[in-house]
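Make a model of the complete structure from these sequences and hints.
Okay, here's what each chain looks like letter by letter:
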Amino acid sequence: MSNYRIQGATGEWEVVIGLEVHAQVTSQSKLFSGAATAFGAEPNSQVSLVDAAMPGMLPVPNAECIRQAVRTGMAIEAQINAWSRFDRKNYFYADLPQGYQISQLYHPIVGEGSLLIEADEKAGIPEDKVIGIERIHVEQDAGKLMHDQHPTMSYVDLNRSGVALMEIVSKPDMRSPAEAGAYLRKLRAILRYVGSCDGNMEEGSMRADVNVSVRKAGEPFGTRTETKNVNSVRFVMQAIEHEAMRQVDVLEAGGTIVQETRLFDPGTGTTRTMRSKEDAHDYRYFPDPDLLPLVLEEDFLAECRASLPELPDAKRKRYVEALGLTPYNARELTAEVETFARFETLLAETAKVTGKGEDAVATQVANWSLSVAPGVMKALGDEADAANATAAAQAGILAMADKGEISGGQAKEIFEIVLKTGRDPAEIAEAEGLKQVSDTGAIEAAVDAIIAANADKVEQYRAGKEALFGFFVGQTMKAMQGKANPGVVNQLLKAKLG
Amino acid sequence: MTDLTSLGVKEIRDGVAKGDFTAREVAEAFNAAVADAAALNAFIVTTPDHALAAADKVDAARASGAELGRMAGVPIGMKDLFATNGVQTTAASHILEGFTPRYESTVSQKLWDAGAGMLGKLNLDQFAMGSSNETSYFGNVSSPWRKTGSNAAMSPGGSSGGSSSAVAARIAPAATGTDTGGSIRQPAAFTGICGIKPTYGRCSRWGIVAFASSLDQAGPMARSVEDCAIMLGAMAGFDPKDSTSLRMDVPDWEAALNADLRGKKVGIPREYRMEGTDQAILDSWEQGKAWLRDAGAEIVDVSLPHTKYALPAYYIVAPAEASSNLARYDGVRYGLRDLPDGSGLQDMYAATRAAGFGDEVKRRILIGTYVLSAGFYDAYYTQAQKVRALVARDFERAFQDCDVILAPTTPTASFPLGSMNEDPLTMYLNDVFAVPASLAGLPAMSVPATINADGLPLGLQLVGRPFDEQGVLNAGLAIQQRAGFTAKPEKWW
Chain V
1 MSNYRIQGAT GEWEVVIGLE VHAQVTSQSK LFSGAATAFG AEPNSQVSLV DAAMPGMLPV
61 PNAECIRQAV RTGMAIEAQI NAWSRFDRKN YFYADLPQGY QISQLYHPIV GEGSLLIEAD
121 EKAGIPEDKV IGIERIHVEQ DAGKLMHDQH PTMSYVDLNR SGVALMEIVS KPDMRSPAEA
181 GAYLRKLRAI LRYVGSCDGN MEEGSMRADV NVSVRKAGEP FGTRTETKNV NSVRFVMQAI
241 EHEAMRQVDV LEAGGTIVQE TRLFDPGTGT TRTMRSKEDA HDYRYFPDPD LLPLVLEEDF
301 LAECRASLPE LPDAKRKRYV EALGLTPYNA RELTAEVETF ARFETLLAET AKVTGKGEDA
361 VATQVANWSL SVAPGVMKAL GDEADAANAT AAAQAGILAM ADKGEISGGQ AKEIFEIVLK
421 TGRDPAEIAE AEGLKQVSDT GAIEAAVDAI IAANADKVEQ YRAGKEALFG FFVGQTMKAM
481 QGKANPGVVN QLLKAKLG
Chain C
499 MTDLTSLGVK EIRDGVAKGD FTAREVAEAF NAAVADAAAL NAFIVTTPDH ALAAADKVDA
559 ARASGAELGR MAGVPIGMKD LFATNGVQTT AASHILEGFT PRYESTVSQK LWDAGAGMLG
619 KLNLDQFAMG SSNETSYFGN VSSPWRKTGS NAAMSPGGSS GGSSSAVAAR IAPAATGTDT
679 GGSIRQPAAF TGICGIKPTY GRCSRWGIVA FASSLDQAGP MARSVEDCAI MLGAMAGFDP
739 KDSTSLRMDV PDWEAALNAD LRGKKVGIPR EYRMEGTDQA ILDSWEQGKA WLRDAGAEIV
799 DVSLPHTKYA LPAYYIVAPA EASSNLARYD GVRYGLRDLP DGSGLQDMYA ATRAAGFGDE
859 VKRRILIGTY VLSAGFYDAY YTQAQKVRAL VARDFERAFQ DCDVILAPTT PTASFPLGSM
919 NEDPLTMYLN DVFAVPASLA GLPAMSVPAT INADGLPLGL QLVGRPFDEQ GVLNAGLAIQ
979 QRAGFTAKPE KWW
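Read top to bottom, the protein sequences are chains V and C. Sequential numbering from 1 applies to the first sequence in our numbering. Sequential numbering from 499 applies to the second sequence in our numbering.
Hints were generated in silico from the structure; no laboratory data involved. All values reported here derive from a predicted model rather than from experimental measurement. Here a beta-carbon is modelled for each residue, glycine too, at the ideal position from N, C-alpha and C. Where hints are given, some of them may not hold.
[Stated by the list, open to error] Chain C side only, calculated, beta carbon under 8 Å to chain V, not exhaustive: (1) Ala581; (2) Leu594; (3) Trp704; (4) Ala818; (5) Thr867.
Laid out in structure tokens, this is it:
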């Protein structure tokens, strides 16, 4: 249970949130035409006769877009509808050449599914929570109006016209901006794992319509508003926060919430009315007579299923159970495709170089990947050449550390030089003297000298002042110029101090 | 030398192949006939150069010994609903006046590939909406036929009225038509020619200006059953660009033509005996039965109980689809744009569409918009779809007892232009016998049967099982052979 509440003058209010996410399907060509879909092309350079709705043109479904929607549905363990149908949503706008959008109202391709958001105390999510997903349907995107090209006229760019979108509709299951944010991040991760959407919110590949209502505890759902086209996780959270507050203010002032469509202003973090229900379009949905019902064969579904990668939840579980990582590390490593890909490559390489099992080196590799390596790279800034951070180089450093040849500090120093120069880690350790001494004889001599020189402290330690152990370690390391293997130092000190 | 314009598709093709005359001579003869027939107003634009170029290609191919296509040397008229590359394509509307596509419809391309040439773009009811060819922005088309003793201009039927007029007047040996709810068969019946609407999906709809997508089907109009079989063979075939296109081989209908109907059963639907049907039409129906019996067929009674609901259902489904299909004509990208001073987008839409569409088109857009509206959708559109399914089931059941259905094509013969404009509903009734086969997507053909007391042609309609164009054509051929329909309109134009 989320404990997120809005404190109003009349008491606490609960926020109810549902998200409709529009995700652009990753595919070479559009949903119903052969035109290309690359971002940032010259205006109207990726427009076929179908996209421009020339007379007599007809849509033909792109199998790859359908496949991606099905795989996405499978990734959220949703009902896949082997029979679905396209409907026309009719309205006039200059960015909509056909005068209708081909969508799926009555029979979507994907039915009910769900998505797990993980507990995150800091963010105010006390426990894992399952968010229901109502449906996923595929539909065409519209073009874009450009208002800054001419003093009195607007221009139309149809490059996006007809690009395939998945509309992923959640149930009203979220209760806080944090949950909505976690849902969006998780959904984005799943889409990127599956490869059905690049999740790039800046380029508009993913955007959300945010449905918000408020209610007192135990009451039925209040009237909701829909804030359209919010294009970042942060903005979605802001929009919810602002909209919920606004609704509470309205209700507590004795007003009523009007069911309406609102716009989010990223500049001010506020929402404002776009159109009310009275101005709402009557979209006159009906089955598109240019298209036959979409029937998915068993073979096709089997191929979709077989092509799914290991998904975030399964991966996270495996990291904890098979690799022995902490739940925190497992979650961090599985959050992004790039992160786990780098981790798994380095893990395999390190296991190979050390000759140990992946489980034996996983924690070391995880710590390195999540904190040590990023820390070094960040500190170096522009001096670092990320291309030098190969898996082989990093595994080389980790293997030396694993064998006790270098200390943690030396590992960082070596990595710094690797990043700057691309030199071989073993060669660096040798040439720069970045190796720690594990030679018991040398360390023993140093330990003996320190015990002899600090008889009083030895006395106190033996009398029970155990905190002094750290002093002896420090002195020994200092005497060894920091290059002694701490394990060996500890071991010898313990033996000699009794 | 024979008058080349009296020849049909088969005679021209075979004559060119044999060397009796050249394709160029044929094209020149028809170009001249077209130029001489402006009074019919059958063409919106003429394209004599297209016909000549195609003819020269055929003559050259023949000279080089190359194999000739199934329409080689035949110049045809192209209904102005088919997009033709570089030639104005208007759907007989103001909103598309001056629109010249840079693409060619699949059907017209197949015809050019088969060796046909184009005489011009044929007039039609605007956006194929009409049954008399009086809704064209480019003026009414006159039938070449006149009532005995009258000079009143008669309707060639619609919407393929330019096609029927041109073929009946012998200014084209054949023409393309499209049929949404009778637009090939009714004009064919009105003008004493043949026309077949194949099974839905036989001919690609790609590049044909859409009226009602789930009903629109292209087909040939010509003066004989054989000519229709030849031309349909050139037009039909699977097209990956049309999702509703049939993924089936095209049979050689011409080669399999056979008027021997022994062992075949011909169904007579009792519900087609409707009030208001001309006695002469009923008589010709009786005559048709006798002809088919004579050809060896057994005549059986069948029932199509939902027939009377077909027309109302059609006038919901077709306008609903049209209201959406015609939304693209908005003045933004092509065609007419009416942008009053200081107006915004909504004003531009309103002005453009008000000026660009004719009354009948507007009427159907309004009907279609209404029946799809929230609160009315189930009562109209959903209900109409149910009726449509029942009409299709009627045919399915009837075809358990017969192979082909014989019915009148229209309840009346042609009427004078301007005589039916009072009430659109009476006009809509013209298609009462044609619409059921359209709703069911079945192949259906009209063949000329006789001349009525006014000297006007009457047609008989044959409806077949899905994909059985052959059965329809064969029964049509049996009627053609026995009807001996040789009447020709007297030239007055």
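Quick rundown of the hints versus the structure:
With a cut of 8 Å, the hint placing Ala581 (chain C) at the interface with chain V holds, because the nearest CB-to-CB distance is about 5 Å. A hinted interface residue such as Leu594 (chain C) counts as satisfied when its beta carbon comes closer than 8 Å to some beta carbon of chain V; here the least separation is about 7 Å, so the hint holds. Evaluation of the Trp704 (chain C) hint against chain V yields a held restraint, the C-beta minimum of about 5 Å falling below 8 Å. At about 6 Å, the closest approach between the beta carbon of Ala818 (chain C) and any beta carbon in chain V falls short of 8 Å, and the interface hint on this residue holds.
Look at Thr867 (chain C): its Cβ gets to within about 7 Å of chain V, closer than 8 Å, so that hint holds up.
The structure shown violates none of the earlier numbered hints.
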